[in-house]
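Number of protein chains: 2
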Amino acid sequence: MTRLQLYEQITLKGSYLCIGLDTDITKIPKHLLKYEDPVFEFNRQIIDATKEYCVAYKPNLAFYESRGPQGLESLERTVRYIPTEQFTIADAKRGDIGNTAEMYAQTFYDFYRFDAVTVAPYMGHDSVIPFIRSGNWVILLALTSNEGSKDFQLSGIQGQSGQSDEKLFEQVLRKARAWAGPDEMMFVVGATHPSMIEQIRRIVPDYFLLVPGVGAQGGSLSEVSKAGLNATCGLLVNSSRQIIYASQGEDFADRAREAAKKMQIEMKRQLETIIV
Amino acid sequence: MTRLQLYEQITLKGSYLCIGLDTDITKIPKHLLKYEDPVFEFNRQIIDATKEYCVAYKPNLAFYESRGPQGLESLERTVRYIPTEQFTIADAKRGDIGNTAEMYAQTFYDFYRFDAVTVAPYMGHDSVIPFIRSGNWVILLALTSNEGSKDFQLSGIQGQSGQSDEKLFEQVLRKARAWAGPDEMMFVVGATHPSMIEQIRRIVPDYFLLVPGVGAQGGSLSEVSKAGLNATCGLLVNSSRQIIYASQGEDFADRAREAAKKMQIEMKRQLETIIV
Numbered sequence: 001m002t003r004l005q006l007y008e009q010i011t012l013k014g015s016y017l018c019i020g021l022d023t024d025i026t027k028i029p030k031h032l033l034k035y036e037d038p039v040f041e042f043n044r045q046i047i048d049a050t051k052e053y054c055v056a057y058k059p060n061l062a063f064y065e066s067r068g069p070q071g072l073e074s075l076e077r078t079v080r081y082i083p084t085e086q087f088t089i090a091d092a093k094r095g096d097i098g099n100t101a102e103m104y105a106q107t108f109y110d111f112y113r114f115d116a117v118t119v120a121p122y123m124g125h126d127s128v129i130p131f132i133r134s135g136n137w138v139i140l141l142a143l144t145s146n147e148g149s150k151d152f153q154l155s156g157i158q159g160q161s162g163q164s165d166e167k168l169f170e171q172v173l174r175k176a177r178a179w180a181g182p183d184e185m186m187f188v189v190g191a192t193h194p195s196m197i198e199q200i201r202r203i204v205p206d207y208f209l210l211v212p213g214v215g216a217q218g219g220s221l222s223e224v225s226k227a228g229l230n231a232t233c234g235l236l237v238n239s240s241r242q243i244i245y246a247s248q249g250e251d252f253a254d255r256a257r258e259a260a261k262k263m264q265i266e267m268k269r270q271l272e273t274i275i276v
Numbered sequence: 001m002t003r004l005q006l007y008e009q010i011t012l013k014g015s016y017l018c019i020g021l022d023t024d025i026t027k028i029p030k031h032l033l034k035y036e037d038p039v040f041e042f043n044r045q046i047i048d049a050t051k052e053y054c055v056a057y058k059p060n061l062a063f064y065e066s067r068g069p070q071g072l073e074s075l076e077r078t079v080r081y082i083p084t085e086q087f088t089i090a091d092a093k094r095g096d097i098g099n100t101a102e103m104y105a106q107t108f109y110d111f112y113r114f115d116a117v118t119v120a121p122y123m124g125h126d127s128v129i130p131f132i133r134s135g136n137w138v139i140l141l142a143l144t145s146n147e148g149s150k151d152f153q154l155s156g157i158q159g160q161s162g163q164s165d166e167k168l169f170e171q172v173l174r175k176a177r178a179w180a181g182p183d184e185m186m187f188v189v190g191a192t193h194p195s196m197i198e199q200i201r202r203i204v205p206d207y208f209l210l211v212p213g214v215g216a217q218g219g220s221l222s223e224v225s226k227a228g229l230n231a232t233c234g235l236l237v238n239s240s241r242q243i244i245y246a247s248q249g250e251d252f253a254d255r256a257r258e259a260a261k262k263m264q265i266e267m268k269r270q271l272e273t274i275i276v
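As given, the protein sequences belong to chains V and Z, one line each in that order.
Number 234 in this note's numbering belongs to position 234 of the first sequence; there are no gaps in the numbering.
Number 188 in this note's numbering belongs to position 188 of the second sequence; there are no gaps in the numbering.
A hint or two may mislead.
Since the list can't tell identical chains apart, any single copy or any two copies may satisfy a pair.
In silico BS3-like links for lysine-lysine, alpha-carbon gap of 30 Å or less [claimed, not checked]:
| # | residue 1 | residue 2 |
| --- | --- | --- |
| 1 | Lys-167 | Lys-150 |
| 2 | Lys-175 | Lys-150 |
| 3 | Lys-51 | Lys-268 |
| 4 | Lys-167 | Lys-51 |
| 5 | Lys-34 | Lys-51 |
| 6 | Lys-30 | Lys-262 |
| 7 | Lys-30 | Lys-261 |
| 8 | Lys-268 | Lys-226 |
| 9 | Lys-261 | Lys-13 |
| 10 | Lys-13 | Lys-51 |
| 11 | Lys-226 | Lys-262 |
| 12 | Lys-261 | Lys-34 |
| 13 | Lys-262 | Lys-51 |
| 14 | Lys-51 | Lys-27 |
These are computed hints drawn from the structure, not numbers from a lab.
All of these numbers come straight from a predicted model, not from anything done at the bench.
Given these sequences and hints, build the entire structure.
Below you can see the structure in the form of structure tokens.
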């Protein structure tokens, strides 16, 4: 999917919502356990209920891998089921040397046919470049939503002058924007750092930001939107637990629809501030 | 496996060799393709041929994941086949927020039953701590073997005084040694930076280092050993392609045995320098 196609979906739906399919077999409603593949059945019903309110789905690989080969079969069925007009993100946070990164790119782009994959920057350019492909997207971790983001991402980096003039996550943004343009790369920026988003927009004005951390992790949709929206939206705000586990009863899909719709309504209002 | 048990295997075999099972179905000898699971058959023959010369096996997850659920079945069979006295490492380089990291720990420790998993530090303490378990090992990336290690890992970090007094990888080592001791944590240090290993030993004298980059990537076993060996060895030196693809003909297992034995002989010589 191209950036223009994504933006068209966003304007069509009045939504920049990404739904995280962090599907934990121990947390889904018990009545689904009678299905041959309960995780797929849960995802199928969530997708049917929410697809008109979101533009992207993001399965978190850990939740599928923890069930071994069978879990990956649930993933394969899920990705195949997601409508083609949705942007699909493998939340995998891979990062390895060139020949290995190439194998991961094949895994997510060619085998599972995701549009995008999340990648960690620690190993540098040759761990990221194999993921850059026309028609696909690398979504690089910059400033994550968790407490541990303070350990290294917010460390001050020594500049040319010997003075610290940027944080590690800013160095990541500055270096990475030279590796790929805004049609092939996005950045992960946690909603728990709204005050940093304006600053990030100065470094990467045109790139999409994938923003986790709204909802269960405490980030605010309106703060993130005010700081992060650009002329072509430039945001995908992710919500996982707050939507998919809105209810753990038989009404889970209806409650998920309501939770997604509620976010979409707020997003539509935010989008009106940029569309003139 | 405990640190003592690992050290016992090292002294018993006169080896601190780890063999990387980066098994690429397009590179294995053609006569294996008639087997139902050619990747497992290749691994089985490699393990049989090399197990007396090494103390650890390290499957690289990318090579299994790229074939989807079927590839993970080859991985599952492989890990089950590795003799229990071998230390097993999932080279997965995961790193995610706490609840996700916990799912990855379950994947590698509980589902596949690996001893250890490689983890990336970018997301900080709460992405690493879920992997710390008595009887298992987290192997944290510090200074990797690839060219891109210069992009961020070697960046100067601003110290307390406002002066840059350490590199990012040193900050990772210093912070991480407070998260887990040398019985639960190791560090990845590439063989392509032998001059840094002495300095790393000053920061983490007692920890095992997992050292990739000898062989195909150009690192030297003797330089790494001179700088890195400690009183209880403290090194696992990995070789992947140089051993498993020593030949692509029907003699691949014999050639792999010879390549592993050649490294073991050199390692035995190096170990004699520390054992008095």
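Evaluated hints:
Proximity of Lys-167 to Lys-150 under the C-alpha cut-off of 30 Å is found in both arrangements, the shortest distances being 10 Å within a copy and 16 Å between copies. Taking the closest pair of Cα atoms, Lys-175 and Lys-150 come within 30 Å of each other both inside a single copy (20 Å) and across two copies (12 Å). Within a single copy, Lys-51 and Lys-268 get their C-alpha atoms as close as 15 Å, which meets the 30 Å cut-off; across copies the closest is 61 Å, which misses it. For the homomeric pair Lys-167 and Lys-51, neither the shortest alpha-carbon distance inside one copy (38 Å) nor that between copies (46 Å) is at most 30 Å.
With identical chains, the CA atoms of Lys-34 and Lys-51 are at most 30 Å apart within one copy only, with a shortest distance of 25 Å there and 44 Å across copies. Taking CA atoms no more than 30 Å apart as the test, Lys-30 paired with Lys-262 passes inside one copy only; the shortest distance there is 26 Å, against 56 Å between copies. Only within a single protomer do Lys-30 and Lys-261 lie at most 30 Å apart by alpha-carbon distance; the minimum there is 25 Å, versus 54 Å between protomers. Proximity of Lys-268 and Lys-226 under a CA criterion of 30 Å is satisfied intra-copy only: 13 Å inside one chain copy versus 63 Å between copies.
Only within a single protomer do Lys-261 and Lys-13 lie at most 30 Å apart by alpha-carbon distance; the minimum there is 11 Å, versus 63 Å between protomers. Taking the shortest Cα distances, Lys-13 and Lys-51 sit within 30 Å of each other inside one copy (10 Å), while across copies they are farther apart (58 Å). Taking identical chains as interchangeable, the C-alpha atoms of Lys-226 and Lys-262 lie at most 30 Å apart only when both belong to the same chain, with a minimum of 18 Å there against 62 Å between chains. Proximity of Lys-261 to Lys-34 under the C-alpha cut-off of 30 Å is restricted to the intra-copy arrangement: shortest distance 29 Å within a copy versus 53 Å between copies.
When the C-alpha separation of Lys-262 and Lys-51 is checked against a cutoff of 30 Å, the pair qualifies only within one copy, where the shortest distance is 13 Å, while the shortest distance between copies is 58 Å. In this assembly of identical chains, the alpha carbons of Lys-51 and Lys-27 lie at most 30 Å apart only when taken from the same copy (21 Å versus 42 Å across copies).
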